[in-house]
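J.: Protein chains in written order, with the numbering used here: chain A, 6 to 105; chain B, 4 to 122; chain C, 939 to 1424.
Hints were generated in silico from the structure; no laboratory data involved. Quantities reported herein were computed from a predicted structural model and do not represent experimental measurements. We put the CB at the ideal spot given by N, CA and C, even for glycine. There's no promise every hint is true.
Facing chain C, according to a computed beta carbon distance under 8 Å, are these residues of chain A, among others [stated by the list, open to error]: (1) F27; (2) V36; (3) V47; (4) F54; (5) N60; (6) V73; (7) A76; (8) V80; (9) G81; (10) L84; (11) L88; (12) S102.
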Amino acid sequence: MVPLSHYIALSAILFVIGAAGFIFRRNIITVFMCIELMLNAVNLAFMAFSRFRGNLDGQLFVFFVIVVAAAEAAVGLALIISLYRSRDTLAIDELDSMKL
Amino acid sequence: MESGYLTILIYIGAVVFLSAAILGMSAWVGVKRPTREKLSPYECGIQPVGDARERFSISFYLVGMLFILFDVEAVFLYPWAVVYKELKWFGFTEMLLYILILLAGYVYIWKKGALDWSR
Amino acid sequence: MTTVSIPDVMRILPELILAGFAILVMLFEPFVPAGRKRVLGWIALLGVLVAGMAFTWAPPNAGMAFSGSIAADGFSYFFIFLFLTIAALALLGSINYLERDNIHHAEYYALILFSTVGMCFMAASAELIMIFLGLEISSLSTYVLAGFRRHDPRSNESAMKYFLLGSFATAFFLYGIAFVYGLTGTTNLVDLAADLAQPGKWSTLTRAALILMFVGLAFKVSTVPFQIWTPDVYQGAPAPVTAFLSTGPKAAAFAVLVRIFLGLAGPSGPAAFWVIWISAALTMTVGNFAALLQKNVKRMLAYSAIAHAGYVLVGLAAAMASGSTEGASAVLFYLAAYAFMNVGAFLLIAHLAGPGEGRTEISDFTGLGRAAPGAAACLTVFMLSLSGIPSTAGFFAKFYVFRASVHAGLIGLTIIAVLNSVVSVYYYLNLVVTMYMREGEPQAARTPMPLPLYSAIAASLFAIFYLGLYPNHFLLLSTLSSKPLP
Chain A
6 MVPLSHYIAL
16 SAILFVIGAA
26 GFIFRRNIIT
36 VFMCIELMLN
46 AVNLAFMAFS
56 RFRGNLDGQL
66 FVFFVIVVAA
76 AEAAVGLALI
86 ISLYRSRDTL
96 AIDELDSMKL
Chain B
4 MESGYLTILI
14 YIGAVVFLSA
24 AILGMSAWVG
34 VKRPTREKLS
44 PYECGIQPVG
54 DARERFSISF
64 YLVGMLFILF
74 DVEAVFLYPW
84 AVVYKELKWF
94 GFTEMLLYIL
104 ILLAGYVYIW
114 KKGALDWSR
Chain C
939 MTTVSIPDVM
949 RILPELILAG
959 FAILVMLFEP
969 FVPAGRKRVL
979 GWIALLGVLV
989 AGMAFTWAPP
999 NAGMAFSGSI
1009 AADGFSYFFI
1019 FLFLTIAALA
1029 LLGSINYLER
1039 DNIHHAEYYA
1049 LILFSTVGMC
1059 FMAASAELIM
1069 IFLGLEISSL
1079 STYVLAGFRR
1089 HDPRSNESAM
1099 KYFLLGSFAT
1109 AFFLYGIAFV
1119 YGLTGTTNLV
1129 DLAADLAQPG
1139 KWSTLTRAAL
1149 ILMFVGLAFK
1159 VSTVPFQIWT
1169 PDVYQGAPAP
1179 VTAFLSTGPK
1189 AAAFAVLVRI
1199 FLGLAGPSGP
1209 AAFWVIWISA
1219 ALTMTVGNFA
1229 ALLQKNVKRM
1239 LAYSAIAHAG
1249 YVLVGLAAAM
1259 ASGSTEGASA
1269 VLFYLAAYAF
1279 MNVGAFLLIA
1289 HLAGPGEGRT
1299 EISDFTGLGR
1309 AAPGAAACLT
1319 VFMLSLSGIP
1329 STAGFFAKFY
1339 VFRASVHAGL
1349 IGLTIIAVLN
1359 SVVSVYYYLN
1369 LVVTMYMREG
1379 EPQAARTPMP
1389 LPLYSAIAAS
1399 LFAIFYLGLY
1409 PNHFLLLSTL
1419 SSKPLP
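Take the sequences, apply the hints, and build the full model.
T.: Okay, here's the thing in structure tokens:
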């Protein structure tokens, strides 16, 4: 059987990739996908902990996280469309209309 | 246990070798005489129309978003169905409430015209 | 087999009523003709009032509900009442604003109610997953609200930044929860406190999980270095929305911080305490000094909001250091006082900024003292209260926090906080001086205040003077409320 630490390591790697992508990527859609990646890393951690503790609560939480992620995706895409309509760009660097 | 993994390793090696060999041989030995007809996307003769990278209608995204929402909300039905017999009426009313709230959302987007493709 | 009992339902009655009214408003919205959306605003306000009355008339027995995931205690009642008040003020201040700027869609009211439901659940939950759900309900609604001026690029940008950084922060919070679950097998705060109270239970990983959760919440309350989104979001969002989200979600996140950090971090040793100490000092200093440089009123108040989060953190640090209720009650008092002055200030600015919110530079307020004496006087009171002048709510809010931190022995932090509030007087008074002492024609709108907004401003002023002149009643209330159940 694959030990718990492997799952947690994978989850941590996914989370860090997501966080790094969030900071370094310049396209809003990609940044948004990085957030989804982070949430999936959380899901993986929940599933692994749940399996190894023999406690089903973790699997329940994954359902909630999935549903919240879907709601977040819908709101995020709506905002992205709205932004694109008013600005014609999805580059994060160009979101600077309110600098000091 | 160890030997099982060894078999897989040998198998992976064989797969990589074989596919590389077939693709490499055909690229090396094969004769290439490209013509305009041969390079067209549909060799059966259909004329391609326009560019594949056209802009999608905004309602495409709208329906996509709504689909994600309603599709994923249904995820709660699966664990509910598993324990439905134990929950009895309590489970039934809870799920009824949940579906009714979803229905309220559905009525809202319908009346807002978000499902109207012709607009 | 768990079922729902009547007392359980009674303990979340305000949330249920709010959610019911929110769904009602949303369902009616397509059927109400464009000119009549105002009706739905009043229905939403009625929902807030009914939710408040349900509590007053039929106070449920304090206790846990829904298998320990809801804690109905004085602490959560305090915050629920605070959120209901903020929602009511924001609704009153929004009705005419939406009409003026031609964005009168009743989804606005539904979203305010939904967000309030989420905040109530954040304050009332004793279960990390419930807190997460409350956080998301409230955040998703406010993301949309921030972008409610759909055709204004600044509003879109504000919503986008709020959304991206908010979701990023939530992921951290959630990862912290995952690790807490993995290490202890539970996400219930009561069980968690019992589990972590055993000797040898605290490890580096437990502290890391707690830090991850702190990072997630720190984004929400905008403490340095997680404050980068705040100025842009507060400036770009419609001003009544800024009034709402600079007070409501922030207070909710502080409620969660108090519940988690006072409940769990006590035995964790000094590490968590120093995290709070350092971020309090940094947040106050960065917020105040950045606010000095601002030329836009909304942006200045955004930096001031960051600074005020720092003062609240001082109270939290005091509570963690001493373990007495003094610090926690100061935090509660501060959040309530801050809510009144900030909601009032932003609502008034929403009105003065004129159609399309075109006049939000400080220079636009030149000479307003003569042109619109009433509005200028109200704005002056809000500024004085924010800077902590005696006889206003802001003074006692700061006084109680500083007193708690002195009693807890945090002399260094108290000195930093006092110096900071001296600095802050400069930029608040700068606006007052611009209104009264500078010559010129004000660009700000001089139309009379509409009645709903007027009543919201009057209520905020009353609360500010009441808390500033007779703080004892409210302090007693916040002291009684400052002991969360778990």
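J.: Each hint should be assessed against the structure and marked as holding or not.
T.: Here is what the structure says about each hint:
1. A distance limit of 8 Å between C-beta atoms decides the matter here; for F27(A) the minimum to chain C is near 6 Å, and the interface restraint holds.
2. Annotation: interface hint on V36(A) holds; nearest CB of chain C at approximately 6 Å, less than 8 Å.
3. Interface hint at V47(A): satisfied, since its Cβ lies 5 Å from the closest Cβ of chain C, which is below the 8 Å cut-off.
4. Checking F54(A) against chain C: minimum C-beta separation of about 4 Å stays under 8 Å; hint holds.
5. Hint status for N60(A) relative to chain C: holds, with the closest Cβ pair at about 6 Å, below 8 Å.
6. The closest approach between the C-beta of V73(A) and any C-beta of chain C is roughly 5 Å, which is under the 8 Å cut-off, so the hint is satisfied.
7. Interface restraint check: A76(A) against chain C, minimum CB-CB distance 6 Å, threshold 8 Å, status holds.
8. Satisfaction of the interface hint for V80(A) is found here, the shortest Cβ-Cβ separation to chain C being roughly 5 Å, below the 8 Å cut-off.
9. The beta carbon of G81(A) is positioned within 8 Å of a beta carbon in chain C (closest approach about 6 Å), and the interface hint is therefore held.
10. The criterion of a C-beta within 8 Å of any C-beta in chain C is met by L84(A), whose closest approach is roughly 5 Å, and the hint holds.
11. A least Cβ separation of about 4 Å between L88(A) and chain C falls short of the 8 Å threshold, and the interface hint therefore holds.
12. Given hint, S102(A) at the interface with chain C, holds; its Cβ is 6 Å from that chain's nearest Cβ, closer than 8 Å.
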